[in-house]
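Trainee: Sequence lines, in order, name chains A and B.
Under this note's numbering, read the first sequence as residues 1 to 376, first letter to last.
Under this note's numbering, read the second sequence as residues 1 to 195, first letter to last.
The reader is advised that the hints may include incorrect statements.
Stated by the list, open to error - Label pairs and their computed distance ranges (CB to CB):
1. B:A156 <-> A:S301: 30 to 40 Å
2. A:R197 <-> B:Q45: 16 to 26 Å
3. A:K308 <-> B:T159: 49 to 59 Å
4. B:K170 <-> A:L92: 51 to 61 Å
5. A:P213 <-> B:R172: 49 to 59 Å
6. A:S219 <-> B:D178: 47 to 57 Å
To be verified - In silico negatives: residues of chain A with every beta carbon more than 12 Å from chain B:
7. G82
8. G112
9. V119
10. T300
11. D324
12. D357
Said to hold, decoys possible - Just some of the chain B residues that point at chain A, by a computed CB distance under 8 Å:
13. Q27
14. A30
15. Q48
16. T56
17. Y59
18. V60
19. D117
20. R118
21. V121
22. W122
23. L136
24. Y141
25. T145
26. L182
27. E186
These aren't lab readings, by the way, just hints derived from the structure by calculation.
Values in this document were obtained by computation on a predicted structure and should not be read as measured data.
Ideal Cβ placement from N, Cα and C applies to all residues, glycine included.
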Amino acid sequence: MTGQLRSTLEHRAERLDAWDVDLAAVIRHGDRRVRRRRATFASGLAGALVVAGGLAAFAGHGDRTTPPPADENAKPLTYAVGSVIHTGSDTLDVGTKVESLVAAKSGFFYSGPDRTVYVWRNGHAQALGHLADSSTRLIGSDDGVNVAWWDGKEIVAWPGMRKPVETFRGPRPRYWESLHIVQAVSDERMWFWDGHRTWTANVLPSPSSAVWPDKAFTSAGSVQDAAGDRVLVRIGDGLAVMRDNLYPHRVGQLSGWRPGSDLSTATGRVAGVSSGDLAPDGRHWFSEDTGHAFTVYDSTSGKGEAIKPPPGLTEATPYQWLGDDTIAAMGFVHSDEPGATVSLLTCRVSTGDCTVDVDDAGTADQVVVSDGRPVG
Amino acid sequence: MERTTGPLGTERTVGRRDRSGFAEFAQARAGALHRAAYLMVGDSQLAQDLVQEALTKTYVAWPRLRDPRNAEAYCRKAITTTAISWFRRKGWDNERPTEYLPEHPVAGTTQEQSVADRDAVWRALKQLPPRQRAALVLRFYEDLTEAQTAAAMGCAVGTVKSQVSAGLKKLRERLGHDVELLSPDEGASEEAMTR
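All chains should be built: construct the whole structure from the sequences, respecting the hints.
Mentor: In structure tokens:
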């Protein structure tokens, strides 16, 4: 004889609808945590190696005898520790602990511990709104003009657009989907996810109130990044670059145009990669997955080029394109020693290696790099 | 510059973090974990969130878990402790719509009474504090031992005993003492447990 309690529990469990776990999301978010954790435990050993292996490497020279040609359009390396933002050789104290950061043309966009979003410009902080939750990120366009975020009710695309998310109907987005509400911001367009499908909107030349459904993408995180008219998208268990087909730039192109991205234009699909970041010129992208070594992929062919960490470091983890040829990365040494510091690197696609720009920037839970993701 | 060769899937998916092993585990166990999580929180969507989060934690810990049995226990603990902490911190009962799936009995049959009883038990179960509910689900649905339940809840065996006892007591207060919550075997086990 079965008791009522067991009978009830079994009956309820049997009636539950089948559910497919979003394994890609689990691995993607797990990878992000591993990256942070690994950096947190990166080592005291690093210090020992630096001393033994040569301070020259950490001075930004290593064994390099000929510096690579300059990437003239590269943005300066920008990061924050506490309330101080470092950009190039300059520092400024914004008076609030910085939890996430994006360097834009109009100023530094950052969030504080209470998730308020500020912009710092002309020596003053201006509160602009707030982030939806502690995992929501700021996303900036490569040209530094637009910064977007989700505040829990609306998508805000600074400077011009504040868009009520009318498409949010029914259940609110799941907590892990909140990471992907704003999926990508290019120089002209923004892609976002409403819990059901992907939409896009104009952000330049003038902010538009119109949104366009992009029916090619049916899951959160389908659009990884955008640059110009190229979009890095998730197709199956990999990533590929395609040209957008959201709407014509000129009236003459309207004839025969059908809305929605055409996945058949995707090139260079790379299997086994779940997240990535596209270069401003759209020619290359790097994987953000933890399980992958630092590799830059050609957008057309999908061919990968490994980027070597500088001498004295065992791993470089890329987080942001600073220019068409320059990537910012965190550098560290594998170890189980706690309390280690992170070095900040600039890496070049053309040379395949990295130099240390900032040694001992702080511990991983102190250093806020300017990719808009909240620390921790 | 070093060049990687060929499609990237092969050598990379079996690199430093064994994704295929984890994926196999997750796909095999997600359904069962979802059902247990649902019984703990009473909301299908929240249960999915919980499992998703617990699997993420398991993925992060995967290299040191090695044995799938360890992974299952780790994931179950993550579900239980995360559920309890979410209820404490976020007040999910108040924030989220409560899912209620009414059953449809056939009128005038013994099945009707059975369905009504299960409905009443389910409602009463959902009113229990999260730790008591979790303890009952782990003991009487997952069939875990007291020690396994304690491990899943991150507490002492004595705490499991007191949570189960308190949970059953509240259910009986709400449902009436005529309802046979436990089978004779389970009842004997419960008495021994709370002595």
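Trainee: The structure should be examined with respect to each hint, and the outcome stated for every one.
Mentor: The hints, checked one at a time:
At roughly 59 Å, the beta-carbon separation of A156 (chain B) and S301 (chain A) lies outside the given 30 to 40 Å, and the hint is violated. For the hinted restraint 16 to 26 Å between R197 (chain A) and Q45 (chain B), the CB-CB distance of approximately 18 Å keeps it satisfied. Look at K308 (chain A) against T159 (chain B): about 52 Å separates their beta carbons, and that is inside 49 to 59 Å. Restraint check, K170 (chain B) to L92 (chain A): a C-beta distance of roughly 57 Å satisfies the suggested window 51 to 61 Å.
Taking the beta carbon of each, P213 (chain A) and R172 (chain B) are about 53 Å apart, inside 49 to 59 Å as hinted. Roughly 50 Å separates the CB atoms of S219 (chain A) and D178 (chain B), a value that falls within the hinted 47 to 57 Å. Here G82 (chain A) stays apart from chain B, with its beta-carbon at least about 26 Å from theirs, past the 12 Å limit. Against the 12 Å criterion, G112 (chain A) stays outside the reach of chain B, whose nearest CB is about 20 Å from its own CB.
With a minimum CB-CB distance of about 30 Å to chain B, V119 (chain A) clears the 12 Å threshold, and the non-interface call stands. With 12 Å as the threshold on Cβ separation, the claim that T300 (chain A) sits away from chain B holds: the shortest Cβ distance comes to roughly 16 Å. Separation of D324 (chain A) from chain B is adequate, the least Cβ-Cβ distance of about 17 Å exceeding the 12 Å criterion. Every CB of chain B is more than 12 Å from the CB of D357 (chain A) (nearest about 20 Å), matching its label as outside the interface.
With 8 Å as the threshold, the beta carbon of Q27 (chain B) comes within range of chain A, its nearest partner Cβ sitting at about 7 Å, so the hint holds. Taking 8 Å as the C-beta contact cut-off toward chain A, the hint placing A30 (chain B) at the interface holds, the least distance being around 4 Å. A cut of 8 Å between beta carbons decides the hint on Q48 (chain B): the least distance to chain A is about 6 Å, and the hint holds. A hinted interface residue such as T56 (chain B) counts as satisfied when its beta carbon comes closer than 8 Å to some beta carbon of chain A; here the least separation is about 5 Å, so the hint holds.
At a threshold of 8 Å, the smallest CB-CB gap from Y59 (chain B) to chain A is about 4 Å, leaving the interface hint in force. The beta carbon of V60 (chain B) is positioned within 8 Å of a beta carbon in chain A (closest approach about 5 Å), and the interface hint is therefore held. Below 8 Å, beta-carbon pairs count as interface contacts, and D117 (chain B) has one with chain A at about 6 Å; its hint therefore holds. Interface restraint check for R118 (chain B): the shortest CB-CB distance to chain A comes to about 4 Å, inside 8 Å, so the restraint holds.
Taking 8 Å as the C-beta contact cut-off toward chain A, the hint placing V121 (chain B) at the interface holds, the least distance being around 4 Å. Annotation: interface hint on W122 (chain B) holds; nearest CB of chain A at approximately 5 Å, less than 8 Å. At a threshold of 8 Å, the smallest CB-CB gap from L136 (chain B) to chain A is about 7 Å, leaving the interface hint in force. Taking 8 Å as the C-beta contact cut-off toward chain A, the hint placing Y141 (chain B) at the interface holds, the least distance being around 4 Å.
Residue-level restraint check for T145 (chain B) is violated (minimum Cβ-Cβ distance to chain A is 16 Å; threshold 8 Å). Because the smallest distance between the Cβ of L182 (chain B) and any Cβ of chain A comes to about 4 Å, under 8 Å, the interface hint for this residue holds. Of the supplied interface hints, the one on E186 (chain B) holds, with its beta-carbon coming within about 5 Å of a beta-carbon of chain A, less than 8 Å.
Checked against the numbered hints given earlier, this structure breaks hints 1 and 25; the rest are met.
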